[in-house]
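Asker: If you're matching them up, the sequences are chains A and B in order.
Going by the working numbering, the first sequence opens with residue 8, and the numbers climb by one from there.
Going by the working numbering, the second sequence opens with residue 306, and the numbers climb by one from there.
If you are wondering where the hints come from, they were derived from the structure by calculation, not from laboratory data.
Careful, some of the hints might be misleading.
To be verified - Think about it this way: if two alpha-carbon atoms lie no more than 25 angstroms apart in a straight line, the pair counts; the simulated DSS-like pairs of lysine-lysine are: (1) B:Lys307 / B:Lys372; (2) B:Lys307 / A:Lys20; (3) A:Lys64 / B:Lys307; (4) B:Lys372 / B:Lys361.
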Amino acid sequence: KAGVTQTPRYLIKTRGQQVTLSCSPISGHRSVSWYQQTPGQGLQFLFEYFSETQRNKGNFPGRFSGRQFSNSRSEMNVSTLELGDSALYLCASSSRDSTGELFFGEGSRLTVL
Amino acid sequence: QKEVEQNSGPLSVPEGAIASLNCTYSDRGSQSFFWYRQYSGKSPELIMFIYSNGDKEDGRFTAQLNKASQYVSLLIRDSQPSDSATYLCAVNMWTNDYKLSFGAGTTVTVRA
């Protein structure tokens with residue numbers, strides 16, 4: 008069974024640009040969550056989607072957005088990139104209508120110069 | 306006050322010893338509790354979850370929950386070098402909240 012797939016794995020952007028990250032959940036999983044991981048802040052919740060609906064959003068500025076498609080694949084977008092957006096962005100999927108038993112992808116490492 | 310706090314570490318234990326990891330959480334209404342392991346350069350993976358007060362054992366791992374004290378712990382018995390990793394405590398604060406709040410993690414090193 009294929010795991011959670013995130014693309015791209017690595018990317019470098021400059022300040023002011025925007026970026027779109029993609030996540031394909033495990034087949035059959037309908038919940039997709041996004042987290043930002045940095046050395047200073049640890050894992051921070053961005054948002055969660057289920058059946059194309061955002062059910063919760065973390066305390067991030069509006070520059071961070073996401074969506075989920077009918078096949079459960081999800082994308083997140085960060086506009087007007089700042090240096091502080093450099094981080095590992097992790098996508099996780101879940102098979103249940105709950106939160107804790109998450110299966111994480113390998114992440115997309117974003118560097119903003 | 307942070308929502309989830311873990312003992313800062315790093316924690317170094319000899320092979321075969323017990324590693325004890327602690328986690329406290331701020332919201333008394335929290336519902337479910339998880340331990341994730343993250344190897345360096347890898348993504349977190351779930352190793353234990355616990356919903357009710359008491360102990361839950363899975364192989365060499367034991368999770369302990371005390372909701373009255375807002376405390377959850379993880380014991381790793383017979384520690385192996387392969388257990389060297391960062392352990393993340395995660396809490397689901399509210400039913401239907403659809404998010405996990407993570408602690409900063411405790412890095413464990415098992416000395417051979």
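Asker: None of the hints should be skipped; say for each whether it holds.
Answerer: Verification of the hints:
1. The hinted pair formed by Lys307 (chain B) and Lys372 (chain B) meets the criterion: a straight-line CA distance of about 17 angstroms does not exceed 25 angstroms.
2. Distance restraint check for Lys307 (chain B) and Lys20 (chain A): the Cα-Cα separation of roughly 31 angstroms exceeds the 25 angstroms cut-off, and the hinted pair is therefore not satisfied.
3. A threshold of 25 angstroms between alpha carbons decides the hint, and for Lys64 (chain A) with Lys307 (chain B) the separation of about 18 angstroms falls inside it, so the pair holds.
4. Proposed proximity of Lys372 (chain B) and Lys361 (chain B) is supported: the alpha carbons are some 14 angstroms apart, at most 25 angstroms.
Going through the hint list in order, the structure does not satisfy hint 2, though it satisfies all others.
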